[in-house]
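Each protein sequence line maps, in turn, to chains A and B.
If you're matching positions, the first sequence starts at 111 in our numbering and goes up one per residue.
If you're matching positions, the second sequence starts at 2 in our numbering and goes up one per residue.
Keep in mind that the hints were calculated from the coordinates and are not lab data.
Keep in mind that a hint or two might mislead.
Claimed, not checked - Keeping only pairs whose Cα atoms sit at most 25 Å apart, straight-line, the calculated BS3-like set for lysine-lysine is:
{"no.": "1", "chain 1": "A", "residue 1": "K192", "chain 2": "B", "residue 2": "K66"}
{"no.": "2", "chain 1": "B", "residue 1": "K95", "chain 2": "A", "residue 2": "K192"}
{"no.": "3", "chain 1": "B", "residue 1": "K66", "chain 2": "B", "residue 2": "K95"}
{"no.": "4", "chain 1": "B", "residue 1": "K89", "chain 2": "B", "residue 2": "K66"}
{"no.": "5", "chain 1": "A", "residue 1": "K192", "chain 2": "A", "residue 2": "K216"}
Claimed, not checked - Computed from the model, here is a short list of chain B residues facing chain A with C-beta under 7 Å:
{"no.": "6", "residue": "S21"}
{"no.": "7", "residue": "L24"}
{"no.": "8", "residue": "A42"}
{"no.": "9", "residue": "I46"}
{"no.": "10", "residue": "N49"}
{"no.": "11", "residue": "C150"}
Glycine is no exception: its CB is placed at the ideal position from the N, C-alpha and C atoms.
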Amino acid sequence: MKNQIKQKGKGIRLNLFFVEMIIVLLFFSIASAVILRSFAGSDRLARESRRIEDMAFLAQSAAEIYSGTADLSETAEMLNEKERICEYDPYAHEITVYMDNDVTGKMSETSDEYGGGSLKTLHISFMNGSGETIYQLDTGAYIPERTVADGE
Amino acid sequence: MKMNRADPRRFSDTISSAGSMTLFLLFAVCCLIMIAAAASAYERISSNYEDTFNSAAAVRYVTNKLRACESAEIAGENVIILSDDGYKTVIYEKDGTIYERLVPDGREVSPENGEAVFRADGYTVTDCGGGLVSVSAEGDGGRVFTAYCRIPEGGASR
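Excised from the complex, chain B in its bound form:
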């Protein structure tokens, strides 16, 4: 009568295959974790980059323009007219984009046909009184950038 004994070679092969499969599973899980971590970090960096180079840059650009001009006035909703020697600059917002247009003195100044300079959602210009203007824009992640700026001496805000 022949005894039915377990084959040690077959048993070691089974263990080896199971170990390989477990390691492969571990590898796949690690890969997924790495991809998730990378995607999360990239999203944060990208959002910060977008905010910095769109909304924040737009607010900085407009406030710097306000500081540099000879006089400025708020001529309507989110429309600023900056006056300098010989020309005027109109900065206005339309459909989430900030436009800029240079107009020689003596010509009609209107907020249209300008050149797009920045994309900025929720862009608002508010006259706070006393020559102080508040410029704000909203970033992609809902982050709001607000900067106060004083209109130069001699400038008039309406």
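So that you can see chain A by itself, here it is in the shape it has in the complex:
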């Protein structure tokens, strides 16, 4: 009887290193799942901040150019000077900016008669792939009405 029990025990005997490796792998897989998730999150945040930074630079530059020229085509021309990133549609009075990661920007202008001149406003907005606005900036340029005295 005693011999039988001993035999049974020997049959189910597992290598201690094997058990240890299974436990280590289990722990490793749980830890790696957590770490990979945080890596993916930080990477996504880094890309997002980079994208917002690019948009802010572009929008501020466009605003600065437009506030002095009050001309959309000139704004597009200057923005395209170093790298072709935007297209000007003269019929829609709109600039479309193409950026990485499915982000598109729209720059549209409106004009209002105001105090003997016209106040031109440029609306700059950047949208992601699902059409959600992620960055917005408005700028204006006041163009006084030309008089005969000015012409002289």
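With chain A held as given, fit chain B onto it using these hints.
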């Protein structure tokens, strides 16, 4: 005559050892993959951090200075002189570093002996005409930051 039969205990030990070794190999491969993924993510984050706090910050700093001053002039290659009440500020680039120096009015203004404020490769200041200045700097990964800025009214660019 004795029959030569396989020992079941020895066989199970062999299987167990092989399984352990396979698991250890799997563990090592997983470790390597994790290290590679971590290094790649860290590199991207670090590059972004470097760009944000060097080149992009330098461009923002210079454009903000241009917006805040009373008048400004471009006095040579990548040299800006900002004039305010009672003093002038010279911002210039030398060997990939942007320097700044405050000089009281009446003293000679020269782009030297300034204090290093940012490290920025490929820093350029261009007069685009019509009071518009373009400031650009290159990041570590070749990313170029460009910002246009209008010189304040009354300011003169040469």
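Going through the hints against the structure:
Distance hint between A:K192 and B:K66 is fulfilled; the C-alpha atoms sit about 23 Å from each other, no more than 25 Å. Under the criterion of a C-alpha separation no larger than 25 Å, the hint pairing B:K95 with A:K192 is consistent with the structure, at around 23 Å. Proximity of B:K66 to B:K95 is assessed by CA-CA distance (about 19 Å); at most 25 Å being required, the pair is judged to hold. Taking the CA atoms of B:K89 and B:K66, the gap is about 12 Å. The hint holds against a cut of 25 Å.
Only pairs whose Cα atoms come within 25 Å are accepted, and A:K192 paired with A:K216 is accepted, the gap being roughly 19 Å. At a threshold of 7 Å, the smallest CB-CB gap from B:S21 to chain A is about 4 Å, leaving the interface hint in force. Among the interface hints, the one on B:L24 holds; its C-beta lies about 4 Å from the nearest C-beta in chain A, closer than the 7 Å criterion. A least Cβ separation of about 4 Å between B:A42 and chain A falls short of the 7 Å threshold, and the interface hint therefore holds.
Checking B:I46 against chain A: minimum C-beta separation of about 5 Å stays under 7 Å; hint holds. Among the interface hints, the one on B:N49 holds; its C-beta lies about 5 Å from the nearest C-beta in chain A, closer than the 7 Å criterion. Because the closest C-beta pair between B:C150 and chain A is about 6 Å apart, less than 7 Å, the hint holds.
This entry satisfies every hint, going by the numbered hints stated previously.
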